[in-house]
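All chains should be modelled from the sequences, with the hints used to inform the complete structure.
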Amino acid sequence: MTEPRKTVMTVEEELEGDLGTKRMIVNFGPQHPATHGTLRNIIELDGERVIKLEPEIGYLHSGFEKISEYRTYNQTVTVTDRMNYLSPLCNNVGFSLAVEEMMGIKATPRCAAIRVALCELSRIADHILSVGLQAMDLGAFTVMLWTFIEREQLYDIFENVTGARLTTSYTRVGGLLRDVPPDFEEMVRKFMVKCSKTIDEIEGVLNGNRIFIDRTVGVSPVPRDVAISFGLTGPLLRACGVPYDVRKARPYSGYENYQFELITEEKGDAWSRYRLRVREMRESLKIIDQVLKAMPGGPIYVDDPRIVIPPKTAMNTPGGGMEGLIYHFKNYMMGHGVCPPKGEVYSCTEAPNGELGFYLVSDGTQRPYRWRVRPPSLYSYQAFPYMTEGGLLSDVVAVMSSLNIIAGELDR
Amino acid sequence: MDPIEAVKTTFADQVLGTGAHAGQPWVDVKRDRIADILKMLRDDGGYDMLTDLTAVDYLNQGMAERFAVVYNLYSVKDNVRTRVKAWVPESDPTIDSASSLYRSAPWAEREVWDLMGITFKGHPGLKRLMLPENYEGHPLRKDYPLTGRGERMNFPRYIP
Amino acid sequence: MGLESMLPDGVLTSRIEALVNWGRKNSLWPMPFGTACCAIELMGTLSSRYDLARFGAEVIRFSPRQADLMIVSGRIALKMMPVLLKIWEQMPEPKWCISMGACASCGGIFDNYAMIQGIDRFIPVDVYIPGCPPRPESVIDAVMEIQKKVERESLKQRA
Amino acid sequence: MADQWMNVAIYTAAIVGVGLTVLLVSYLLGPRKAKPGKLDPYECGVPMLSSTRERFSVHFYLVAILFILFDIETVFMVPYAVLYKKLGVPGLVEVGIFVTVLVYGLGYLWKRGALEWD
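Protein chains in written order, with my numbering: chain P, 56 to 467; chain H, 2 to 161; chain R, 46 to 204; chain Y, 525 to 642.
Keep in mind that the hints are not guaranteed to be accurate.
[Unchecked claim] Footprint (simulated), chain Y over chain P, 3 or more residues, beta carbon under 8 angstroms:
id, segment
1, 86-99
2, 102-109
[Claimed, not checked] Only pairs whose alpha carbons sit at most 27 angstroms apart, straight line, appear in this in silico DSSO-like list of lysine-lysine:
id, chain 1, residue 1, chain 2, residue 2
3, R, Lys70, Y, Lys557
4, Y, Lys609, R, Lys140
5, P, Lys385, P, Lys249
6, R, Lys70, Y, Lys635
7, H, Lys9, H, Lys78
8, H, Lys128, H, Lys31
Bear in mind the hints are in silico, worked out from the structure with no lab data behind them. Virtual Cβ for every residue (Gly too), placed ideally from N, Cα, C.
Okay, here's the thing in structure tokens:
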């Protein structure tokens, strides 16, 4: 608790002894515009200063891990994109990479490139809305409307590629639902031109904005070792200066052959989180540009009998008919299809909010034995009391939106 | 310093075995001195981030015990990961808490207590994290029915 | 029990009803009970491309006191159900409820211990929107359904 | 002179009239249903934790008084703004004195730290 500055007012404060103000308990509850989801903070206030803040979560606990134990691996892809619903594609890609790692399969170059492009697009979608909501919470409502115009462009691209605006369920174990449409590159290029203009506009409005600076600079600075001990990852950890990005630390799906800068900020406060997200969006645009330039051809499915059903031609040709039918049968009947060997794996990818980890335990059958998700929001929201205690009540709102907590991923 | 070997040498009596799958080794240990093992890994091994703490219910899968509490550790400095699995018997599902070592542990442990029913001794505030306070039972256990035991039905109906 | 319960039927009351219903229809103040993915789609409906403001439902009120249309968008967990009940109770009387998305209407893909299998088991719902998440067009269609319903209602019914 | 007062009377009558009719119509035609839970205080959907009738910090009162002080200052300047052309330089000098006294007061408060929160 910062030592309150000694003011001449102290003379009256002794009198306050008998006027003792009781601590007010405020409920920053589950149904609140500033919590962006179903989070609850029980705050003990002394005037405007936050003495104690106790978060309470679980208001959106939907039993993801239990229902995934009753679904086959390719069915759980639909569950994953309801976790972080701001960037569903990152969840899909993260999950299918985990299962592929368990089965020891490597996706085809074209599939890996498409996954990287879509992951970066949905990272932009997540970061731009997070910046928009942070600005809206501090009063700049137009920024949020601008970001939604960008997200509608992205929804068009996602809908064109995957068929759904939000719940994409696009990846499969060892491949994708289908190949990208022919005008994919032209749509993405049109979006990239417009998106960088919008990012410039957002930066133009917010970077020099006196109110935005006063409300975010120096608010809840987090030192490096405390951030690491809290298990913070992603934008929150990089905002404290720790250069940890899973795309660089543990390159997956072809990230090693794209050049992009690992962005870190210094003080780890709400301002550097905002700066980091904006700069990361520009990096993502660079990565997408490189991916589109070097988009390899070829199949999108791994040629592996355990996963891929044979093409129609192989089945009803006189020569390969029987063998193709056995293929097809083995892939769809119970106990066949995607059956990873007995064992377990912890595989993580760089989701927009941080390190999204999948800890899968398989017992050799079609269904995962244990399906555990390491949500970045859980560990960043756990550090919320550390960041806000001692500050003012208005800082609670500023910090809350800088963390970009998503209840679906937090409560699973 | 290879973490698995270090645990084997210093805590020889605690180690039940090791395993590896998809290039990721782990070590199985008894639950008694898990706090010391984690402290050694954190201080000497440099594993300063507890990425994830979770539990798996190996109901009649022929494992050493029924529950396994899994600690996924990561060292930010030299970018290596390791995994420690502490086996907890069904008769007495308790284990020492890692909240004093890592600040990311409390909520993960509360979630494991809430969904799996493993109590953590020395935890600052072991309450349910996900489910309402008055919820009985631990849903992530294998013997718990998927559609629950009727908790989702008993709410008062609003009479217009 | 306002004056309208004593009003006799006839031309006078139907004209007043038409006027009152017209007023209510075009100024539905929605309260977004947004929990999960449908809330993001609801925000998409409210922003500039699909623009719910064209139907008078642009003013988003987060306090139940000033809202008369509650849009339950997203799945409702065990802990959230008492909150939903309390907020529905606290809304003043001429109130309608839209259950947006499959999760709010029937539990959606989450048929498990933690999810309410449809909020109509506990609170009266006027319009259901299918979809996971429903497209903004279907949210607008639901608001128009509510407007049709408001138009047909007689004041006595609401007394 | 009289018709000026007539305008003022019509104006206030219009204001009061609109206000009353709105209240009256909503009172007469609005349905009212007394439900047990309806009148509980709204606390984001969860039961109340601490009652609101607690003593709170004196700083709130201080900030409120300062606001009223400087708000009245602007109210006094409105009639001057209407007639500043006619009043000319003497008017400007008078308002100048008025404003400098208040600015001096603001500077004093600022130095004393009354505008800071803690």
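Evaluation of the provided hints:
1. 86-99: Holds: 4 residues of the segment 86-99 of chain P have a Cβ under 8 angstroms from chain Y.
2. 102-109: Holds: 3 residues of the segment 102-109 of chain P have a Cβ under 8 angstroms from chain Y.
3. Lys70(R) <-> Lys557(Y): holds, 20 angstroms
4. Lys609(Y) <-> Lys140(R): violated, 55 angstroms
5. Lys385(P) <-> Lys249(P): Cα-Cα ~47 angstroms, so violated.
6. Lys70(R) <-> Lys635(Y): Violated. Lys70(R) to Lys635(Y) sits at ~55 angstroms, over the 27 angstroms cutoff.
7. Lys9(H) <-> Lys78(H): holds, 23 angstroms
8. Lys128(H) <-> Lys31(H): Status holds; Cα separation ~25 angstroms.
The structure is inconsistent with the numbered hints 4, 5 and 6, although it conforms to all the rest.
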